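S.K.: One-letter residues, chain by chain:
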Amino acid sequence: MRSSTFYKIILLILILLPVVFFIFLVCQNFVIHGFLEASYNFKKPSPFILPLAPKDRISEIESEGRDYYQSLFDSPVYFDVRLPRQFARINFWVECRAAAEETIQLAAFYNKDDWHYQVKDFNQVENLGDGWQRGEVEFDLTDKKFAWQKYQFMISLPQIRDSGRRVDIREIRVLALREPLTPENFWLKLGRWWRRIFNKL
Amino acid sequence: MTSNNFLKSLIGDIFTISVVSLVVFFTAEIIKPGFITNYFNLNLFLLWCILIGIIQVLITKD
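Chains as they are written, first to last, in my numbering: chain L, 1 to 201; chain F, 1 to 62.
I should point out that these hints are in silico values taken from the structure, not numbers from a laboratory. Here the structure is a predicted model, which means the values were calculated and not measured. Where hints are given, some of them may not hold.
List of simulated lysine-lysine pairs, BS3-like, C-alpha gap at most 25 Å [unchecked claim]:
no.	chain 1	residue 1	chain 2	residue 2
1	L	K8	F	K32
2	L	K8	L	K44
3	L	K55	L	K189
4	F	K8	L	K150
5	L	K200	F	K8
6	F	K61	L	K145
7	L	K145	L	K112
8	L	K189	F	K32
9	F	K8	L	K112
10	F	K32	L	K44
11	L	K145	L	K55
12	L	K8	L	K43
13	L	K55	L	K8
14	L	K150	L	K189
15	L	K55	L	K120
16	L	K150	L	K200
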């Protein structure tokens, strides 16, 4: 009898484990807390920040001590940020090493097919030593195209063409923000979601 | 329930729960790509299921 009760408790725990994990994944995918943080350090791929392209404008991934980086010698270089949902804003922190005369800009595409984009300079540049610096830039995503769960971005280096210079990038970090899910807005959002589903049918 | 039966039942149930979970996770991944794999390696979970399956076969055989 005791053994049977003990067994049932173990069984319940074993069933609850994947259920709890699935609920955790649902929360992560619906971004109920309102933010998603991700980074790509060139050492291992990130599911959220996809690799730089095209390959003929960048080097292979190289390493220097514990740092892994990729060199850009032509412009522009594209990358996608794959997010589980649409977001309102995104902040980028890019760690790079470049010559003092280099201008580094980041652009977010409204629509890449129409070649319509918003370009921004880094608004804060922090010196990290050994020539590395971290630049920050923020984009509003409400008017940017979100297709196949991706927002499209590019790194623009307007003065690099035929200069022989290189810009090394060792980390791209993002913080994407959207309205968090609260008990107050839950029913409102659920209603909107149902309306969207019915409109599609 | 003897300890041998207890272990056999436990391994059998772990295998069932693992396979059902794998099917649910895999279906979720097909419906919404990245739903699982953005956070968790499904291949490792498949490996776990295979391992538990092998253990179950060996225990049942004895």
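S.K.: All hints are to be evaluated individually against the structure, with a verdict given for each.
M.R.: How the hints compare with the structure:
For the suggested pair L/K8 and F/K32, the alpha carbons sit about 34 Å apart, so the restraint of at most 25 Å is broken. Between the alpha carbons of L/K8 and L/K44 the distance comes to roughly 42 Å, so the proposed pair goes past 25 Å and is violated. About 42 Å separates the Cα atoms of L/K55 and L/K189, which puts this hinted pair outside 25 Å; it is violated. Simply put, F/K8 and L/K150 have alpha-carbon atoms about 47 Å apart, too far for the 25 Å limit, and the pair is violated.
Restraint check for L/K200 and F/K8: the C-alpha separation of about 50 Å exceeds 25 Å, so the hint is violated. The hinted pair formed by F/K61 and L/K145 fails the criterion: a straight-line CA distance of about 58 Å is larger than 25 Å. Our distance criterion of 25 Å between C-alpha atoms is met by L/K145 and L/K112, whose separation comes to about 8 Å. Pair hint L/K189 plus F/K32 holds up; C-alpha atoms about 20 Å apart against a cutoff of 25 Å.
Using a Cα cut-off of 25 Å, the hinted pair F/K8 and L/K112 is violated, with the two alpha carbons roughly 58 Å apart. Taking the CA atoms of F/K32 and L/K44, the gap is about 23 Å. The hint holds against a cut of 25 Å. Restraint check: the Cα-Cα separation between L/K145 and L/K55 comes to about 24 Å, which is no more than 25 Å; the hinted pair holds. Proximity of L/K8 to L/K43 is assessed by CA-CA distance (about 45 Å); at most 25 Å being required, the pair is judged violated.
Simply put, L/K55 and L/K8 have alpha-carbon atoms about 56 Å apart, too far for the 25 Å limit, and the pair is violated. Among the hinted pairs, L/K150 with L/K189 is consistent with the structure: their alpha-carbon atoms are about 22 Å apart, no more than 25 Å. At most 25 Å may separate the alpha-carbon atoms for a hinted pair to count; L/K55 and L/K120 meet this at roughly 23 Å. Simply put, L/K150 and L/K200 have alpha-carbon atoms about 21 Å apart, close enough for the 25 Å limit, and the pair holds.
When each numbered hint is compared with the structure, violations occur for hints 1, 2, 3, 4, 5, 6, 9, 12 and 13.
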